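Given the sequences, and given the hints that come with them, work out the whole structure.
Protein chains: 2
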Amino acid sequence: MTALEYAKIEREQSLNELKEFLSLPTISTLSEHRADVQRGAEWVADNLRAMGMEHVEIMPTAEGRGQPLVYADWLHADGAPTVLVYGHFDVQPVDPLHEWLTPPFEPTIIGETIYARGASDMKSQTHAFMKALEALLKTDSLRVNVKVIAEGEEEIGSPNLAPFLRAHKEKLKCDVALNADSQMVARELPSIVYGLRGLAYFELTVYGAAQDLHSGLFGGAIHNPVQVLCELIAGMHDAAGRITLPNFYEDVRVLTAEERVELARYPRTEQQWVDMTGVRELYGEKGFSTVERTGARPTLEVNGFLAGFTGEGAKTVLPAKAMAKISTRLVPYQRPEKVHAQLSAYLEQHAPSTVRWELQTRGGSNEAVLLNRASRYVNAAADALQETFGVAPVFQLLGWSVPVTNMLNDELGVDVVVMGFGLPDDGMHGPNEHFYLPNYYRGVESYVRFFQNVAKE
Amino acid sequence: MTALEYAKIEREQSLNELKEFLSLPTISTLSEHRADVQRGAEWVADNLRAMGMEHVEIMPTAEGRGQPLVYADWLHADGAPTVLVYGHFDVQPVDPLHEWLTPPFEPTIIGETIYARGASDMKSQTHAFMKALEALLKTDSLRVNVKVIAEGEEEIGSPNLAPFLRAHKEKLKCDVALNADSQMVARELPSIVYGLRGLAYFELTVYGAAQDLHSGLFGGAIHNPVQVLCELIAGMHDAAGRITLPNFYEDVRVLTAEERVELARYPRTEQQWVDMTGVRELYGEKGFSTVERTGARPTLEVNGFLAGFTGEGAKTVLPAKAMAKISTRLVPYQRPEKVHAQLSAYLEQHAPSTVRWELQTRGGSNEAVLLNRASRYVNAAADALQETFGVAPVFQLLGWSVPVTNMLNDELGVDVVVMGFGLPDDGMHGPNEHFYLPNYYRGVESYVRFFQNVAKE
Numbered sequence: 001m002t003a004l005e006y007a008k009i010e011r012e013q014s015l016n017e018l019k020e021f022l023s024l025p026t027i028s029t030l031s032e033h034r035a036d037v038q039r040g041a042e043w044v045a046d047n048l049r050a051m052g053m054e055h056v057e058i059m060p061t062a063e064g065r066g067q068p069l070v071y072a073d074w075l076h077a078d079g080a081p082t083v084l085v086y087g088h089f090d091v092q093p094v095d096p097l098h099e100w101l102t103p104p105f106e107p108t109i110i111g112e113t114i115y116a117r118g119a120s121d122m123k124s125q126t127h128a129f130m131k132a133l134e135a136l137l138k139t140d141s142l143r144v145n146v147k148v149i150a151e152g153e154e155e156i157g158s159p160n161l162a163p164f165l166r167a168h169k170e171k172l173k174c175d176v177a178l179n180a181d182s183q184m185v186a187r188e189l190p191s192i193v194y195g196l197r198g199l200a201y202f203e204l205t206v207y208g209a210a211q212d213l214h215s216g217l218f219g220g221a222i223h224n225p226v227q228v229l230c231e232l233i234a235g236m237h238d239a240a241g242r243i244t245l246p247n248f249y250e251d252v253r254v255l256t257a258e259e260r261v262e263l264a265r266y267p268r269t270e271q272q273w274v275d276m277t278g279v280r281e282l283y284g285e286k287g288f289s290t291v292e293r294t295g296a297r298p299t300l301e302v303n304g305f306l307a308g309f310t311g312e313g314a315k316t317v318l319p320a321k322a323m324a325k326i327s328t329r330l331v332p333y334q335r336p337e338k339v340h341a342q343l344s345a346y347l348e349q350h351a352p353s354t355v356r357w358e359l360q361t362r363g364g365s366n367e368a369v370l371l372n373r374a375s376r377y378v379n380a381a382a383d384a385l386q387e388t389f390g391v392a393p394v395f396q397l398l399g400w401s402v403p404v405t406n407m408l409n410d411e412l413g414v415d416v417v418v419m420g421f422g423l424p425d426d427g428m429h430g431p432n433e434h435f436y437l438p439n440y441y442r443g444v445e446s447y448v449r450f451f452q453n454v455a456k457e
Numbered sequence: 458m459t460a461l462e463y464a465k466i467e468r469e470q471s472l473n474e475l476k477e478f479l480s481l482p483t484i485s486t487l488s489e490h491r492a493d494v495q496r497g498a499e500w501v502a503d504n505l506r507a508m509g510m511e512h513v514e515i516m517p518t519a520e521g522r523g524q525p526l527v528y529a530d531w532l533h534a535d536g537a538p539t540v541l542v543y544g545h546f547d548v549q550p551v552d553p554l555h556e557w558l559t560p561p562f563e564p565t566i567i568g569e570t571i572y573a574r575g576a577s578d579m580k581s582q583t584h585a586f587m588k589a590l591e592a593l594l595k596t597d598s599l600r601v602n603v604k605v606i607a608e609g610e611e612e613i614g615s616p617n618l619a620p621f622l623r624a625h626k627e628k629l630k631c632d633v634a635l636n637a638d639s640q641m642v643a644r645e646l647p648s649i650v651y652g653l654r655g656l657a658y659f660e661l662t663v664y665g666a667a668q669d670l671h672s673g674l675f676g677g678a679i680h681n682p683v684q685v686l687c688e689l690i691a692g693m694h695d696a697a698g699r700i701t702l703p704n705f706y707e708d709v710r711v712l713t714a715e716e717r718v719e720l721a722r723y724p725r726t727e728q729q730w731v732d733m734t735g736v737r738e739l740y741g742e743k744g745f746s747t748v749e750r751t752g753a754r755p756t757l758e759v760n761g762f763l764a765g766f767t768g769e770g771a772k773t774v775l776p777a778k779a780m781a782k783i784s785t786r787l788v789p790y791q792r793p794e795k796v797h798a799q800l801s802a803y804l805e806q807h808a809p810s811t812v813r814w815e816l817q818t819r820g821g822s823n824e825a826v827l828l829n830r831a832s833r834y835v836n837a838a839a840d841a842l843q844e845t846f847g848v849a850p851v852f853q854l855l856g857w858s859v860p861v862t863n864m865l866n867d868e869l870g871v872d873v874v875v876m877g878f879g880l881p882d883d884g885m886h887g888p889n890e891h892f893y894l895p896n897y898y899r900g901v902e903s904y905v906r907f908f909q910n911v912a913k914e
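Chains A and B, in that order, are what the protein sequence lines are. Read in order, the letters of the first sequence correspond to residues 1 to 457 in our numbering. Read in order, the letters of the second sequence correspond to residues 458 to 914 in our numbering.
Everything labelled a hint here was simulated from the structure, so no lab data went into it. Keep in mind that the hints are not guaranteed to be accurate.
[To be verified] Mimicking DSS-like on lysine-lysine, the simulated pairs with C-alpha atoms at most 30 Å apart in a straight line are:
| no. | chain 1 | residue 1 | chain 2 | residue 2 |
| --- | --- | --- | --- | --- |
| 1 | A | LYS315 | B | LYS795 |
| 2 | B | LYS743 | B | LYS795 |
| 3 | A | LYS338 | B | LYS476 |
| 4 | B | LYS743 | A | LYS315 |
| 5 | A | LYS315 | B | LYS772 |
| 6 | B | LYS595 | B | LYS476 |
| 7 | A | LYS286 | B | LYS772 |
Computed from a predicted model, the values in this text were never measured in an experiment.
Given below as structure tokens:
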């Protein structure tokens, strides 16, 4: 029996296990669920042990203050590459609970879809690669070395993952990492992510008078810091939608013609973008498609703005200060520190001498990630998806950051393959999260083929 | 004995009465002080009756739901003009009480200054014109007809004054109104206000997506409404600090050369403006002094701005909307409705088609007031101040609105003389409100002379 045959026969059993896995309320952010997260780790560890993975270990993080992480390996394919597979078993909280049509921790199948918290993010996928490994191990056909790490705190931002990767560099040594926490672009169109945008986040405050003033007494005497901040923000883009910070585009990676053709395969029409967002018209940097603008081009956005009187009615105040949250999505080769310097330089050039300003970074910044699209491992994944779905995967640049991918890339220093099977409208993090079951089975098959292809190539 | 001699002899008695008046906690905005406001009305009425004023009446407002108003008259100067005198006897609340160095309703004299809530705004001045009338009546030298209205709800915005003036048009008929609720520009420099700016207040909201979006998923696809609102606001002024709304300056009254000379007498240096506000530099419309900019030129100010995430830290949200409170201070001949239309026209011209916007008026708008600076009554007041202080009063244009002045001007249709004796740093509405007593006595004298001058001219 081949591994793929095993996986097919095993489908009913797989689904029962998945339901069991999904019924564990492994909410990592809520301390009252700490024991449930531990049970989740144990469930994963038991399962890995039962299929024949070795050195299965539940490892504490942050000296036991963090949520546990499960490690396992199987290292008997001498001379073959070693694949490190990443998944997580923790989930988001469930509120607002009253919006769920079925209980979040009682997995419910309606038609071809399973509803449960964590169904899409990402227990179905963690379980899919586990079932793939089981199929290969049970049929004695695993021909690569495998290490698995299943994390219990991805939904709280993986605060202990990078230190863990650093602390166990030797143990986690591998040739390629597979991050299964990803999506397809549509039900029948698989996808491989080869790039993620980075982020630099700032808080800019402009100060005018020492305190709020009466606009009747002082309107006309001073430069209103709200107006100044508006002028500064307005000047950060030109008429073509380009960002005007000095040398901002200097390091920006230019798309190849081939990439632009590939990105154009992304199956979302302009009208679909409009419908999804509810805007009157789309807008962005001239000369680029919406897919390029949201994945392959940097942006600068005002995320918040607060100044003066914002309650009901009228108050004739001249605010003493104005604050904006401003962030930039970065593309490969841009560095957050450099963008900080560019924004400072812009402010030094353009802020009038009537005001003081202060620029601070907020939150964690990170660089964009560009994975090696041409590596043998990416080819192995692309072939696996093509064989399973009958269509070549779309190579995708994501507009947001997936810190885990950065961590695997940075800390392990190996190629990362990002291949998952969720869908954009799965309701991740929201009520009625769900997963399209045919892609759960195709996920198992794709992972089986991936391990086989890595061994072959 | 002349009236001025009487006033001088009466000084000690006056001060005792003033202290009694100031000890009444006539806080109009707090319902628990309703009986105190009534007592205030009775105190004023008794005092007017005792000096010989006639038809003294405590009149309810808003069918008894409002605070009472005191009316009195003396109409025995056949053929002479009739002066309607306006004052109020209600005061602001006292919080923060712990910041008061003396109890707010236990008037305390330190040096030449009396400390109490209402000392500057405006019981000392209401009492000063009452003492002036008493001096004239007791010395049989009142040669004009006088009507007095003392209001009990000025500090809550005089909600019932305009209806009252309309309802009693015949009873309140007069040749000139004197509003004693005003200030001098400095201790030794009296002032007559001949103009007040108007106000038009708006709330402008720009709408983008149907709900807040993730900036990683949609940054680059849509026009951020915060950016659009910043661009719109930035465009509302040009590099010379002029307002760019179409035809905004069309109706703006141009200062005469004589007025500009007069306004330059205002004794505040640029450095004093800087010190008062705490700004790094002053700023405003090119070609005008700070006094002109704050009193005689229209301004457009952003009073508040709210959009997106404004808490601590970072949230990568693309806000669905952005809101700004925007108000304009208006000068004579500008009309709030027309400014509304000009702002709408500006938005129609400049708002991009990517967003929706909504413009609403907020609060009460009012036109600027320009009083007849050359009237015989203003001359009578100016002469009275010159005779009392030994220096010609400064003719002042105030940057803010005093609705009572508008109401007297609009409803009675007569010249209004605005002459009062408070000082800009009296701590009106704040803790430790106070009044400089020498100007209380000079106030009595100035009002005596005013009534005498009106009779003469």
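Against the structure, the hints:
Taken as a hint, the LYS315 of chain A and LYS795 of chain B pair is honoured in the structure, with Cα atoms around 21 Å apart against an allowance of 30 Å. The suggested pairing of LYS743 of chain B with LYS795 of chain B holds, with an alpha-carbon distance near 24 Å, which does not exceed 30 Å. At most 30 Å may separate the alpha-carbon atoms for a hinted pair to count; LYS338 of chain A and LYS476 of chain B exceed this at roughly 67 Å. At most 30 Å may separate the alpha-carbon atoms for a hinted pair to count; LYS743 of chain B and LYS315 of chain A meet this at roughly 27 Å.
Note on LYS315 of chain A and LYS772 of chain B: the hinted pairing holds, with a Cα-Cα distance of about 29 Å set against a maximum of 30 Å. Between LYS595 of chain B and LYS476 of chain B, the direct Cα distance comes to roughly 22 Å. Compliance with the 30 Å bound is thereby established for this hinted pair. Of the supplied pair hints, the one linking LYS286 of chain A and LYS772 of chain B holds, its CA atoms being roughly 27 Å apart against a limit of 30 Å.
In this structure, only the earlier hint numbered 3 is contradicted, and the remaining ones agree with it.
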